[in-house]
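Undergrad: Residue numbers (the numbering used here), protein chains in the order written: chain G, 311 to 675; chain E, 11 to 520.
Hints may be right or wrong, so weigh each one.
In silico DSSO-like pairs for lysine-lysine, Cα to Cα no more than 27 Å straight-line [to be verified]:
1) 154(E) / 525(G)
2) 537(G) / 516(E)
3) 506(E) / 537(G)
4) 516(E) / 429(G)
5) 532(G) / 411(E)
6) 174(E) / 150(E)
7) 150(E) / 479(G)
8) 174(E) / 265(E)
9) 332(E) / 262(E)
Heads up, incomplete: computed chain E residues facing chain G, CB under 8 Å, no partners named [unchecked claim]:
10) 149
11) 151
12) 154
13) 218
14) 516
15) 518
By construction, these hints were calculated from the structure, which means they are not laboratory data. Quick caveat, the model's predicted, so the values are computed rather than measured. No residue lacks a Cβ here, since even glycine has one placed at the ideal position from N, Cα and C.
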Amino acid sequence: MAENEIDADIILRVVSKTFSLDIHNIHFHKNYKVSGISGNEYNFSDIVTSDTDIIAIKIAHEISSINDLITFNSQCMDAQIDKKILISDKELNENEVNICHAFKIQLIDLKNYQNGYSKKSHFGIAELDSKLSGGLRPGYVYLVSGKTGSGKTTLSSTFLATGAKYGEKGLMVLTDTFPDLFLGNIRTMNIGFAKFYEDKMIEIMEISDQIRVMKSDISNGKTDFRKFITKIVNELKKIIIQKDIKRVVIDPITLLLIPDDDYINIFLNSLAMKNVTTIITSGLRNSDLSMFGIEEYYTTGIIKLDYEMVDEKLSRTLKIVKMRGSVFDSSPSNFKITSNGIIMTDKNVIINTSADNDDIFKNIR
Amino acid sequence: MNKMMHVSINIMSILSMIFIIVGITSSLYSIIVLKNGTIFDYSFTLWFWFATVFFGIQSMSYFLSFRRSSYKYKSTIESSYNMLLRDKVAILVPIYNEEPDMVTNNLIAIYSNNGNIAEVYVLDDSTKGDSSYIIDLCNKLGMKYVHRINRRGYKAGALNDVLKTLDVDYVSVIDIDQMPSPDFIRETVSLLDKNPDVGFVQVPQIYVNTDSGVLAEIAQAQQFIFYEILTEGKSVTGTLFSCGSNVIYRLKALKSVNYFDESNIVEDIATSVNLIGNGWRGLYYNKKLVFGRAPVTMEGYINQQWRWMSGSLALMPKIFKKIIFNKKYTFKERLDWFATSTWYTFGWFYLIFLLAPVMDIFGIKVLTINPTLYFFAWMPYTILLMTTFILSHIDKGAQLKFVFYNMAANLLIFPLSISVTISVLRKKMKPFTTARTGGKVPWHKFWPQFLIMFLLILSLIILIYKHSIYNDITAFWAFFQFFLLLPIFFLNKTPKKSSIDENSFKNFEG
Chain G
311 MAENEIDADI ILRVVSKTFS LDIHNIHFHK NYKVSGISGN EYNFSDIVTS
361 DTDIIAIKIA HEISSINDLI TFNSQCMDAQ IDKKILISDK ELNENEVNIC
411 HAFKIQLIDL KNYQNGYSKK SHFGIAELDS KLSGGLRPGY VYLVSGKTGS
461 GKTTLSSTFL ATGAKYGEKG LMVLTDTFPD LFLGNIRTMN IGFAKFYEDK
511 MIEIMEISDQ IRVMKSDISN GKTDFRKFIT KIVNELKKII IQKDIKRVVI
561 DPITLLLIPD DDYINIFLNS LAMKNVTTII TSGLRNSDLS MFGIEEYYTT
611 GIIKLDYEMV DEKLSRTLKI VKMRGSVFDS SPSNFKITSN GIIMTDKNVI
661 INTSADNDDI FKNIR
Chain E
11 MNKMMHVSIN IMSILSMIFI IVGITSSLYS IIVLKNGTIF DYSFTLWFWF
61 ATVFFGIQSM SYFLSFRRSS YKYKSTIESS YNMLLRDKVA ILVPIYNEEP
111 DMVTNNLIAI YSNNGNIAEV YVLDDSTKGD SSYIIDLCNK LGMKYVHRIN
161 RRGYKAGALN DVLKTLDVDY VSVIDIDQMP SPDFIRETVS LLDKNPDVGF
211 VQVPQIYVNT DSGVLAEIAQ AQQFIFYEIL TEGKSVTGTL FSCGSNVIYR
261 LKALKSVNYF DESNIVEDIA TSVNLIGNGW RGLYYNKKLV FGRAPVTMEG
311 YINQQWRWMS GSLALMPKIF KKIIFNKKYT FKERLDWFAT STWYTFGWFY
361 LIFLLAPVMD IFGIKVLTIN PTLYFFAWMP YTILLMTTFI LSHIDKGAQL
411 KFVFYNMAAN LLIFPLSISV TISVLRKKMK PFTTARTGGK VPWHKFWPQF
461 LIMFLLILSL IILIYKHSIY NDITAFWAFF QFFLLLPIFF LNKTPKKSSI
511 DENSFKNFEG
């Protein structure tokens, strides 16, 4: 995803509001091909479809001259698309504005849709990002869950490496692996993680014995769990603030938790931090999503990884189980872990809206 | 704690209170009818009687608080959590010449635990050092930085200057050595929402560095009696005062008393008196939601105690005028405030107990006490009172060493109480200092404690040598008080690093 690309979520909101369409019944497509009545086929970079309509989207930064607008309009006319939107993410000149009025292209100021909305943190895996309408919303905590060997560490390392590629510093907190062992493993994959680590774009931290001592003090009734949460969350946040970190992975979260509903609620809520996207990983024990069967209730989104043997071959699947405040595709997809990292093997992913959110944008905490 | 034990403490606390009243009145009667002493005997006996009255009232207030805390407090609190807080709360963090590392750590803690639900204002009144690192941090985290060029009204003045510009429902004050837990604001706001007559909600201060030395443990023991027993009782009676930090106020209530009282260095108690006078009450929420640091150096501890003592004592006339002499308040409210406002004069009354064995050597005795009276009245009364005091602590979950530390702490700082009382009477106040400053105190500054210890040991030897029942009893008290003063040798030490300062995460440098 390019640096200045607009999130699918925002485009869907723009279309929904401009043409009074139900946001749950419209779909966003990248590089969508439409045949014109002239017989020509046009490749539109951004298209939104509903059951009855096609809406063509043009983003202002893609326009270098008025000719681009004239071409866009003529392609739309030939493709019989009469709902056209120009989303302005830059200042438009007078001629451009006049042309839009003349061609009945709806002019939308991006700023009106960006208030309180941070750009999403993408994984750099096109199909997964597409399923997530662009990626994960910063400021929240997400759970990547799956049994051992399902690819949690690989997926979350890819997430950090992609962030680093776009200048977002990452923090990997390893709670049950030796960092050198982890680095050795991740080096076998061509995702650039080790290089970003060497360039200090990704920090690796491990936990000290202090955590075990404090956890045992809590179980012996010597200390209150809030003291523990306050201490470790504060230490983490201090590192995040001082090193200007934007993406955090805690792999796995289990060692920092106590199987208590109140504890996990407070801990996971307090991990959330403005403009920082946090992923926690968890194996499975008490539920099919986590170790304690509690973690999944207090995260904003869940990506579940799984695998099974089919005809003596490993078949891996990824499923977005929950993603509050975001449009997402909940259908399972197949993927492979290769020397180039995670490769999705399903094609033609389109964005569906999830059925479990009545008003997705009111659902944002 | 089994039910039988609980019932026993209940009965003992009632008996103790009866004994206090009987003891005070009967000894007063004895002073009046006895006619066989010298002027020294009479002066000493009267002073001793005043000490008995003083500790009697304090104990009475303590036992009443304990009973309210045990039987009534829980029903006054309903725990809940408020999710919808946007634009409702402001957090004010006063700073004055603090250590940069602590400021950075705790500002991050305050911001990260509450910054997403409340606007944080950093009120930096520092006069020394470079504050640019605080400004940078505030810019980075989106906190408001306020710096004054004058120090009008000290902490209260700094708070008031910002309060007058705010348009929120609630304002929390958090000192820079405090770390609020993530649910502090949400839980306390919910109590203010539910109780419109409550002007402020106070939560306890939990010291997290008690493993840094005996001094920190002693400070924690003193906090224990205050936050586990006295404040719960005060919350029930409506006599709770705010402690200036770990507190959230209703802005409307503060406005009604023209904001914080700038005329006293313990602006928290002064403002609470004003709030109570205006019909507001305070609610104590006994949940571990804010973590602070005990003073770890003797100088820091003395600074803290000096400020609390001098501020509270300077406030005594105001409390007497506004509450104790005001018929609008009930007897139990007035008794509670009397105990609170007079507490820090304790040094004068401990002094008479400490001097009693020495006086005895010189033949100056408490006239009201003879062996018969002692065995049948005074001794059972003392044993009952101390046992109830210890058991009430244990009932509240205190370790035994906390009870010892608590008894020792007040005895150890008796000279401070005497010296503060004199300073307040002479209207000589020291400049504002915090508990976080300073280091070890030169040993010669403890001369009053060493002198008293020497006199206690000396009288102990002489009294045993002179052997009689009366002398043996006095010798026992000499030894007991000497024993309580012993921690003086362990307090003035360089603190150990607390485990709270150990890092939970290690950076990997592969």
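Undergrad: Can you list which hints this structure breaks, lowest number first?
TA: 1, 4, 10, 12
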